[in-house]
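Got chain A sorted already, so can you dock chain B onto it with the hints?
From first to last, the protein sequence lines stand for chains A and B. If you count by this note's numbering, then the first sequence holds residues -10 to 162, one letter each, in order. If you count by this note's numbering, then the second sequence holds residues 94 to 656, one letter each, in order.
Source of the hints: derived by calculation from the structure; they are not laboratory data. Predicted model only: the values in this text are computed from it and were never measured. Even for Gly, the Cβ is constructed at its ideal location relative to N, Cα and C. Incorrect hints may appear among the rest.
[What the hints assert, rightly or not] Derived PhoX-like pairs (lysine-lysine); straight-line CA-CA distance at most 25 Å:
#1 K16/A x K405/B
#2 K141/B x K140/A
#3 K405/B x K53/A
#4 K202/B x K222/B
[To be verified] Reference listing, derived: stretches of chain A covered by chain B, where coverage requires no fewer than 3 residues with Cβ under 8 Å from a Cβ of chain B:
#5 9 to 15
#6 66 to 76
#7 82 to 94
#8 103 to 116
[As the list claims (entries may be wrong)] A few chain A residues facing chain B, derived, Cβ under 8 Å:
#9 P5
#10 G40
#11 A59
#12 S158
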Amino acid sequence: MTKPQAIKAAEDRDQPLPEEYFDELEKFIIDMGDTQGALIEILHKAQCIFGYLPRDVQLFIARKLGIPAAEVFGVVSFYSYFTTEPRGRHTISVCMGTACFVRGSDQIIERFKEKLNIESNQITEDGNFTLKDVRCIGACGLSPIVMVDNKVYPRVEEENLDNIIKTYSSEGL
Amino acid sequence: MKICSLDDLSKIRNDRRSLNSRINGRSIEDRIEILVGLATCGISSGAKETQLAFENEIKEKNFKNISVIPVGCIGNCYSEPTVQINVPGQSPVIYGRVHVQDVPEIIEKHIRDGIPVDRLALTNPVDNKQMRIALRHCGLINPEDIFEYLACDGYEALGCAVTQMSPEFIIDEVKKSGLRGRGGGGFPTGVKWEITRAQPGERKYIICNADEGDPGAFMDRSILEGDPHCVLEAMAIGGYALGADQGIIYIRAEYPLAVSRLNTAISQARKLGLLGPNIFGSNFNFDIRIKYGAGAFVCGEETALINSCEGKRGEPNFKPPYPAQKGYWGYPTCVNNVETFANIAPIITKGSSWFASIGTEKSKGTKVFALAGKINNVGLAEVPMGITLRELIYEIGGGIRDGHKFKAIQTGGPSGGVISEEYLDTPIDYDNLIEIGSMMGSGGMIVMDETDNMVNIAKFYLEFSMDESCGRCTPCRIGTKRMYEIINKITSGKGTMADLNSLKQLTYMVRDSSLCGLGQSAPNPVISTMKHFMSEYLAFIPDPRAKLKFNVNKHSRKSKKAD
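Extracted from the complex, chain A is given alone in its bound form (with noise of 0.2 Å):
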């Protein structure tokens, strides 16, 4: 929950983020109306536009609200939901509840560190997968499961793991 984000500020300023993708935010708060206890739905929202929180959004809806930076940062690092750093293309989630590591789930996210050679919530160097442990999906009976983007594969095996990396490498290319 409190693991600490750096905000790159630099590495914001080398690509400038869409000017649309600000607009559009900034339509979403003003049709709000009233954003009292708004924050964490507006985020939401931007992190829905954008992919992730950079520094940039993040001063940009502080400003857009009239409350510190301090504050939205606060929100943004203490839910595990919200990223401050670019995804990759594909998100790979190994689900880390229990009934899925009692079934070896720790073994499947060992074993795609290795062969994406990544550690978890980071970023392949080609930019195609981020690899994530996630919290329990509720979808015990299917342990171990893994989800990529926003399909499910239950049951997964040490040797499917290949075949799940091909599927959406090849699609990337």
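Only chain B this time, still in chain A's reference frame:
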């Protein structure tokens, strides 16, 4: 069209009477029904494709009088996609693992010739032990069609409540029923409502806690996906009883399907006037909004949940003041769990004495358990309180997978403890589970066999609690981290007996001095595994006997001196 009175409601119900018979396990005279379980588990196993295959096959073969109905979780999660077929005059047959290629066979044999396909049929001895109250409609009605809910007495309880009952009477009924909070705390629901009602001020809130964060618990998701209206109806009843005109459902962002079905349900209810101003022609107004979580386990704690609803960091507050006194934006707020709400409507329509007749002396009614882990029939089971763990595991759960031996069962998620074999015959209720060192929690039950190492399990839960600690109070923030470091040292084979001692001391320290339930219960997995499976901890310590001897010698030398 709006429903303005109980008469309007019964008219709609009479038009759709056929549905009511489905709920009672019969099918309508000449109509065959194919129910396809389309909850998250079903969809991820391919239930949508199965549904489509049925529809195409029926069209192709030109069958009349067959309907394919999407329903919520049927409860047999181990055998998704699950399909139930109701043929008039026969008892319903449930099929498991029905994939596209199995569809023609079922259509030809079962539907055309009337002979069930034994190969796929689930022979469930389960149902005679189960008793469905909270899950009464799950897997039987289409959750995206409000008329199906109305046809099976939906919103009848709300109608009766606002037109015929006083708020005091409702609270009294809920109190007399003995219903306790199903989120795990076990606080009497009626008392919570009464306290909130007694607070001064006009503005009050009722919140539904759908932030089901316990790993291994998925009953709330199933209820929301399978029967969202039962929660909306109960929230409205609660709102009427305690004097709130606004309800909030706080739901995890990780449950997209439940969110979308809830949104559908809310807009359908608004359209029929079952939410909004002047419900059932009375002067009671009530509406519901959804607030989204963002991935924080601690937000299941009610004060943290309220902070999160306000758009802030989800950190818990010191209690008192309780949310019932000072909650959402400072107004009296009542927070109840999804499953608790799912029990309300039957209590109102069938009466408190009916509900109180089920269960044990101090825990009334039923509880939904999510059975998972090394068990054959992974799934949801709703059973009366007081059933034993043995019945749950061996009769409903179908025993341990792959012929392994039962070792322990973990209840209550990261806040609960493990229960070893000697307690398998304990009747399950709130108080008994606490007595044997675990807790009810939200009802997740993870079964473990002899291949699971209990120290690793404790480490797994500690890592979870450490990650999810919000950082507000020191004992939890630093205590869980230190405990994790020690247990990590032990499992990597570098631990000493002194480490075991400090781990034990730390557990009590963190338990007794943390601010909220998360910290207070975070050491439970360690405490209970140390109690029941100390030998496994010792096995990790290099040469524990020598060290033990050393300590004993030291101790005896000292005592000699003292003599």
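Holds or violated: K141/B to K140/A, with C-alpha atoms at most 25 Å apart: Holds, because 13 Å separates the two Cα atoms, which is no more than 25 Å.
Holds or violated: is there a CB of chain B closer than 8 Å to the CB of P5/A? violated, 27 Å
Taken at face value, is the distance from the CA of K405/B to the CA of K16/A at most 25 Å? holds, 22 Å
For the hint on S158/A, just tell me whether its beta-carbon gets within less than 8 Å of chain B. violated, 22 Å
If you look at each residue in the region 82 to 94 of chain A, do at least three have a Cβ nearer than 8 Å to any Cβ of chain B? holds (count 7)
K405/B and K53/A: Cα distance at most 25 Å? Judged against 25 Å, a Cα distance of about 17 Å means the pair holds.
Residue count check for the region 9 to 15 of chain A against chain B: does it reach three with CB-CB under 8 Å? It is violated: at least three residues are needed, and the region 9 to 15 of chain A offers just 0 whose Cβ sits closer than 8 Å to chain B.
Is the coverage entry for the region 66 to 76 of chain A by chain B consistent with the three-residue Cβ rule at 8 Å? holds (count 5)
Do the alpha carbons of K202/B and K222/B lie within 25 Å of each other, as the hint requires? violated, 30 Å
Agreement of hint G40/A with chain B interface, Cβ distance less than 8 Å: violated, 15 Å
Grab the minimum C-beta distance from A59/A to chain B and call the hint holds if it beats 8 Å, violated otherwise. violated, 11 Å
Counting residues of the region 103 to 116 of chain A that have a beta-carbon nearer than 8 Å to any beta-carbon of chain B, does the count reach 3? n = 0 at 8 Å, threshold three: violated.
Comparing the model with each earlier hint shows violations of hints 4, 5, 8, 9, 10, 11, 12; every other hint is respected.
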